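4 protein chains.
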Amino acid sequence: MIIILRPGHSPAERQAVEDIISHHGYRSVPIVGELRTGIAAVGDGDKETLCQCEAMPGVERVMRVISPYKLVARVAGHDPEPVRIGELSVGGDRLVVMAGPCSIESAESLFGIARAVRAAGATVLRGGAFKPRTSPYAFRGLGVEGLKLLVEARAETGLKIVTEVMTPETVDLVAESADILQVGARNMQNFPLLLAVGRTHKPVLLKRGMSATVEEFLMAAEYVASEGNPNIILCERGIRTFETATRFTLDINAVPLLKKLSRLPVLVDPSHGTGRWDLVLPVSRAAVAAGADGLIIEVHDRPNEAISDGAQSILPSRFNKLMEELAMVAHAVGRTL
Amino acid sequence: MIIILRPGHSPAERQAVEDIISHHGYRSVPIVGELRTGIAAVGDGDKETLCQCEAMPGVERVMRVISPYKLVARVAGHDPEPVRIGELSVGGDRLVVMAGPCSIESAESLFGIARAVRAAGATVLRGGAFKPRTSPYAFRGLGVEGLKLLVEARAETGLKIVTEVMTPETVDLVAESADILQVGARNMQNFPLLLAVGRTHKPVLLKRGMSATVEEFLMAAEYVASEGNPNIILCERGIRTFETATRFTLDINAVPLLKKLSRLPVLVDPSHGTGRWDLVLPVSRAAVAAGADGLIIEVHDRPNEAISDGAQSILPSRFNKLMEELAMVAHAVGRTL
Amino acid sequence: MIIILRPGHSPAERQAVEDIISHHGYRSVPIVGELRTGIAAVGDGDKETLCQCEAMPGVERVMRVISPYKLVARVAGHDPEPVRIGELSVGGDRLVVMAGPCSIESAESLFGIARAVRAAGATVLRGGAFKPRTSPYAFRGLGVEGLKLLVEARAETGLKIVTEVMTPETVDLVAESADILQVGARNMQNFPLLLAVGRTHKPVLLKRGMSATVEEFLMAAEYVASEGNPNIILCERGIRTFETATRFTLDINAVPLLKKLSRLPVLVDPSHGTGRWDLVLPVSRAAVAAGADGLIIEVHDRPNEAISDGAQSILPSRFNKLMEELAMVAHAVGRTL
Amino acid sequence: MIIILRPGHSPAERQAVEDIISHHGYRSVPIVGELRTGIAAVGDGDKETLCQCEAMPGVERVMRVISPYKLVARVAGHDPEPVRIGELSVGGDRLVVMAGPCSIESAESLFGIARAVRAAGATVLRGGAFKPRTSPYAFRGLGVEGLKLLVEARAETGLKIVTEVMTPETVDLVAESADILQVGARNMQNFPLLLAVGRTHKPVLLKRGMSATVEEFLMAAEYVASEGNPNIILCERGIRTFETATRFTLDINAVPLLKKLSRLPVLVDPSHGTGRWDLVLPVSRAAVAAGADGLIIEVHDRPNEAISDGAQSILPSRFNKLMEELAMVAHAVGRTL
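Going down the list, the sequences are from chains D, W, B and Z.
Here the first sequence is numbered in our numbering, starting from 150 and rising by one per residue.
Here the second sequence is numbered in our numbering, starting from 150 and rising by one per residue.
Here the third sequence is numbered in our numbering, starting from 150 and rising by one per residue.
Here the fourth sequence is numbered in our numbering, starting from 150 and rising by one per residue.
Calculated from the structure, these hints are not laboratory results.
All values derive from a computational prediction rather than experimental measurement.
Glycine is no exception: its CB is placed at the ideal position from the N, C-alpha and C atoms.
Some clues are possibly wrong.
[Said to hold, decoys possible] DEER-style ranges, computed between Cβ atoms:
1. W:Arg185 x Z:His480: 51 to 61 Å
2. B:Pro179 x W:Gly235: 45 to 55 Å
3. Z:Lys409 x W:His227: 39 to 49 Å
Sequences and hints are given; from them, build the entire structure.
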């Protein structure tokens, strides 16, 4: 950390900064410029607490040198590490496509969609049993009944299943059924939930919060890893910006950036990232071309009657076309589907 | 809801839209313009689900006419409704100032700050026992021990106490000690938590999510109200924007807007809203001038040694000056402190 | 336009709205719902002015039904229209790549870069002679001398040239030398400049403003077209968001969306869109996969000594590799390079 | 500037960084930490160009220590400097309120509004003769005719006049009539325009760009000052964020922050900053409470028939009430109106 002193600081103010630095376990190294004096805090001290010294009278600002995540960082010269889900591997040469309805609505609809996405080449079935909804008056999912339907769909199709978990106390329940635990965008900084999924050994699909920076996203992953669960899959799903023509702005830059900064696999959710079914196909191609390790896509057999997210769900027939196009883009960037 | 049809839609596409409208319990009223045809869905049907028809082939877009919150809305011609906390009233003529440290760190520090803010005119003591932190390596609060210290501080000073609750299963525990349950910005859309605090009768201080629109903020309040708890205090605490000179951008527009749209009292948090102790004073004055019903402010006796949020905490002496200045602004806008 | 009346409006307030509607050349069509009454303004009146009626006492809000651009809109069922630059065509099957230094610095450097990008397959040379710079103390370009160097580079390499024009009064000067007039992001709403380039017949490369919505971007294009110049190439170059890990957030959603809404070709600038040379390659591939008609890329032979934008410029050797990879992605989406 | 080297950099990469540092006129001072090595560039070299070294292979990132504005900065211990407009002073104890219509529409309307705002206590008349409009089909102002009407209104009322200038070549024309030259938000980074108004001696009202950071805003002021014109008035007018309930988000934090960082007076525009006439009053009070040196407000006698910005214009009667309320808030913060 480097602490920049205000022009005209007093010797006592400077001394106070050096005292705080050593109080927190660091050594002070002065940097004397023409217009400003800085003091580097060198060593392995208590970073979070030292930051507070920004409030001291002699301090202009505090500059952090090192990003605070460690377990999920990519070590220079090391390869990324795929996450294994049974015989599947997320983050290897072969892309993984997760597909299915936003909410699980009925056995008939779920099974039909599951069969269709499997035939098209998806290997994981998505479907919400517990649904976070902006309105308290909206459908919040079938709950445990939905989990049972997912398990049946897995038995019939062989697809792995991913579904969202919303509270620490339901983590064990959901983990009994699901192959992958999804932490939704609205819960990316629900720290008790992150710790709870971190205490399982299940793979976790962690979606980026809609206003989370890349650093905060990796810190959320660090929470999961800090409890001993290294099996984390990151998912870029669009951030909130001033643009209203699309529901969110898919941050395509984040895909290669996350691959550089972290050892974790990176998926993209073009359904939430655009909010429009008619943009899902081109944006999915873009995600693969940017280096994503896979996609998670909302597919519905009757989008206009869907209980949630119909406007961004695609028909199975369109999903089939999407998989054909993705195969070609995957090949162009040295991957397979 | 008004559904705008695409130019060149077929009669079958239009019929499909009218069928969906009646399927969801509405009546169709056509609006024929020069360049577009719209169909209004009139009546009291299932709004959330009808929205999905944006995915239909003949539909250009769906325009919502009415905001979806009801219980927390301000009814035309009705006054706002203060929230009572024992003998205190939030939302009346007298402003309510909540103050205290970000985290509870020790008995000595907490009691000293409590006495100081009380002497300056605060009526509620804030202090975090359970702390959401971006890094898993940062201090996460004293937990139950912190709650005990708060209760002792209340006994000694007579201040009411407000503290954050982070999970549904700890709501009862926190509610035993606290006078006001705080739901933090990162949990504004933690829907199970909203429902859990909604099932208590405790006043709830609901902080706006850092990327929540005013409508989403009111919908979160509606969640709490939908479970039978009408005692909700809204708190504007800064939104995330492109500006990095301040930690967040305090949305001053939201203060009078929330007062217009909702019957609920509105507080402002200038500490998080600016992230800089040297801006807390002028922005506090602005909040009161804009019509806020009170403030929640971080005060620390040694900000540069604070475990969290030191850079935005003010000294008790500065808090005293702030209260004097606020009293004058309050008077200028017809309120008291 | 649809005008929603406030609940509890008086008959006189409603009459006033209907009077304004007919005053501006429209016909009123009432839409009576359970909770709100709306009045549609039907016909071909003065839209901009009618919008002002949002200020009327009986009005809750005004909803626009139709986007206000016409000349640049894509007519349903019609193909997009390529822009011709001599024998080149932007927006056809073959992608167009524009490359070169941010600023023109010297003849030697420019000619070297020009030869290198041409060898790699670029067909247009970019280079700034007049440079908008955030600081008045930064290099502002070689001006007319820079234009001369561009013309020489064209003579030697056969590349077309694109360069920025910053004021209405220099449009003719720049148009004498350049094949394409670039309007920079900071000038996207410099309306006198848009009108001035609209009065030439030169192709215009219009960059999206860093905080412009897709609709505002198309309205800026409409300005150019409204003066009789239909030869407009849109360029997505990243928008300003809360994310600071990259200089801007490249809005990949905008690429297919602009192709849907408009008849104009769409380029992507991955250099400004990311601000990091090490992200240019994957994001370029993503742009092509999303359907972009080409790219504009900053290439410099000694990026670390560049006068501007060195951090986002790539070496000619890396550009060569990029073109090879793009060729494969282009092929995968049915285009050529 | 401090250059952080990548972990695992080679000695040659480090040497290259030190060479560049000395090449640009600085001296290298190494800072060796546990996990990273930094090199401070000390002295008075070429900052803009050194920044480009972020592209070098051994460099992780470049951290700027000092803000790049000088002429407009507030020197520690010095008071802010008011700007004089004849006998008026902007930035002194007495607040300055500028008021008038968005566009000048007719002599009758302008003179009526001018008399009304003067009676209420405004000292400057605002009114647009040259209007930037998002749509090419909207009214763009009366031009020279509008300037003449402003001059007549000044003669009649004694109000000073402020009006927008949009191109470098019309600066002299506008400066002949206006007392204050307004540079609009969309032109905040129209650098040729900034230089042109910098070459006059007229006071300049510089509005913040809708996506400009505080630092960029001050750099734009630095442009004006760099040409010899120190008479600059800053104006916060709302920034673009994700919130759509208001037209822009007025950045109240920026008001005290600009006063700290700069010697220039700071005005607030609550009309554009909110976009809603019914929020203008409370937000005006907030601006004064936060320390603004004045306001610029849109007033129209028939807002619902206004040619532009009717929805955010207030009636003269409401402006009168606003001035009464402002007088009280001004008094509470030690100012007069």
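A quick look at each hint next to the structure:
In this structure the supplied range 51 to 61 Å holds for Arg185 of chain W paired with His480 of chain Z, their Cβ-Cβ distance being about 54 Å. At about 51 Å, the beta-carbon gap between Pro179 of chain B and Gly235 of chain W stays in the expected band of 45 to 55 Å. Taking 39 to 49 Å as the suggested C-beta distance range, the pair Lys409 of chain Z and His227 of chain W conforms, at roughly 42 Å.
Going through the hint list in order, the structure satisfies each hint without exception.
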